[in-house]
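Participant: Generate the whole structure from the sequences, applying the supplied hints.
Single-letter residue listing:
There are 2 protein chains.
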Amino acid sequence: MDDVLADTSTAILNLYNDKFGTTYQKEHFKNNDLWDTTVGPKYVAHIRQDLFQPGFFRNLTVLPDAQKVMKALHEQYEIFIVSAAMEFPNSLKEKLEWMEEHFEFIGWKNIVLCGDKSVTTGDFLIDDHEKNLKTFAGKPLLFDAMHNQQTQGYDRMENWQQIGELLL
Amino acid sequence: MDDVLADTSTAILNLYNDKFGTTYQKEHFKNNDLWDTTVGPKYVAHIRQDLFQPGFFRNLTVLPDAQKVMKALHEQYEIFIVSAAMEFPNSLKEKLEWMEEHFEFIGWKNIVLCGDKSVTTGDFLIDDHEKNLKTFAGKPLLFDAMHNQQTQGYDRMENWQQIGELLL
Numbered sequence: 519m520d521d522v523l524a525d526t527s528t529a530i531l532n533l534y535n536d537k538f539g540t541t542y543q544k545e546h547f548k549n550n551d552l553w554d555t556t557v558g559p560k561y562v563a564h565i566r567q568d569l570f571q572p573g574f575f576r577n578l579t580v581l582p583d584a585q586k587v588m589k590a591l592h593e594q595y596e597i598f599i600v601s602a603a604m605e606f607p608n609s610l611k612e613k614l615e616w617m618e619e620h621f622e623f624i625g626w627k628n629i630v631l632c633g634d635k636s637v638t639t640g641d642f643l644i645d646d647h648e649k650n651l652k653t654f655a656g657k658p659l660l661f662d663a664m665h666n667q668q669t670q671g672y673d674r675m676e677n678w679q680q681i682g683e684l685l686l
Numbered sequence: 519m520d521d522v523l524a525d526t527s528t529a530i531l532n533l534y535n536d537k538f539g540t541t542y543q544k545e546h547f548k549n550n551d552l553w554d555t556t557v558g559p560k561y562v563a564h565i566r567q568d569l570f571q572p573g574f575f576r577n578l579t580v581l582p583d584a585q586k587v588m589k590a591l592h593e594q595y596e597i598f599i600v601s602a603a604m605e606f607p608n609s610l611k612e613k614l615e616w617m618e619e620h621f622e623f624i625g626w627k628n629i630v631l632c633g634d635k636s637v638t639t640g641d642f643l644i645d646d647h648e649k650n651l652k653t654f655a656g657k658p659l660l661f662d663a664m665h666n667q668q669t670q671g672y673d674r675m676e677n678w679q680q681i682g683e684l685l686l
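In the order they appear, the protein sequences are chains D and P.
If you read the first sequence in my numbering, its first letter stands for residue 519, the second for the next number, and so on.
If you read the second sequence in my numbering, its first letter stands for residue 519, the second for the next number, and so on.
For the record, the hints were derived by calculation from the structure and aren't laboratory data.
Treat the hints with care, since some could be wrong.
Any copy will do: because identical chains look the same in the list, a pair fits if it lies in one copy or spans two.
No farther apart than 27 angstroms at their CA atoms in a straight line, the calculated lysine-lysine pairs in the DSS-like style are these [as the list claims (entries may be wrong)]:
1. Lys611 to Lys635
2. Lys537 to Lys586
3. Lys627 to Lys560
4. Lys589 to Lys635
5. Lys627 to Lys611
6. Lys560 to Lys657
7. Lys657 to Lys586
8. Lys652 to Lys635
Since this is a predicted model, take the numbers as computed values, not measurements.
Facilitator: Pasting the structure below:
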């Protein structure tokens, strides 16, 4: 969900900019190590705790074209939404409600909230974190995000249009 | 979790007995079809809706020997708790809290809340429902419960002592 269906990075940068008086947007992180060397460590130390507050995950916006392409994929594939949410107890019900609001065609039977995705299986995994992709038995697809610019060795999906071109 | 770690059946029978003035206990259902023919249909029609109320899943008691045997298994196996909870939005955080209270040695990374267990994988699955066991790629183990007395074709585990004897 986070940074694949939902624009979690923009919400994080909004918190970051409010706290430090900066004006970062996601495009500032493209093709460089700014997140890894500078912003990421300060995020972990000072911002990440705010994600535990009620409401953070409920109010995220949907990434461009995610609804349209997911709807088309849903006609051809069995889709499961797998989110590593268990660290954030308040996010569990919020993530279910968020899915019901924005992806109503995916029912509750196909939603998985977990701590470690290595226990799940499938043919394709679209994910923004190498830690999830590297244990997956099927075909891993890396979804481009500000925090994975240094990740190599995976097919990188820049956006949902590209996923549609590959899988539809 | 339900009817493997947690005594969900007793909580259900308490609700049932309160509503219908009966005195059912779990042992009344052993080796007969009483649940399938009589009590189960009335439960679905009149009691199951009460499981959506806040607190139901948070207050379940632990099944006998579950903690002791799980603790010993935890020393030898990588254990994931997989619960088909997504139909009950209020249960999600409650199930996480219940695990933290009664099985604190299983961390949040090893808890999976889902709608359909067919997307999960492993070497053994201990479960009370044939619908979950029949799609499992590893070794399925049926945990005895009042609602599965008619289920055949699986190794039936009568209690946690028997699981310990098999797996430890």
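Participant: Quick one: which hint numbers does this structure break? Sort them smallest to largest.
Facilitator: 2, 6
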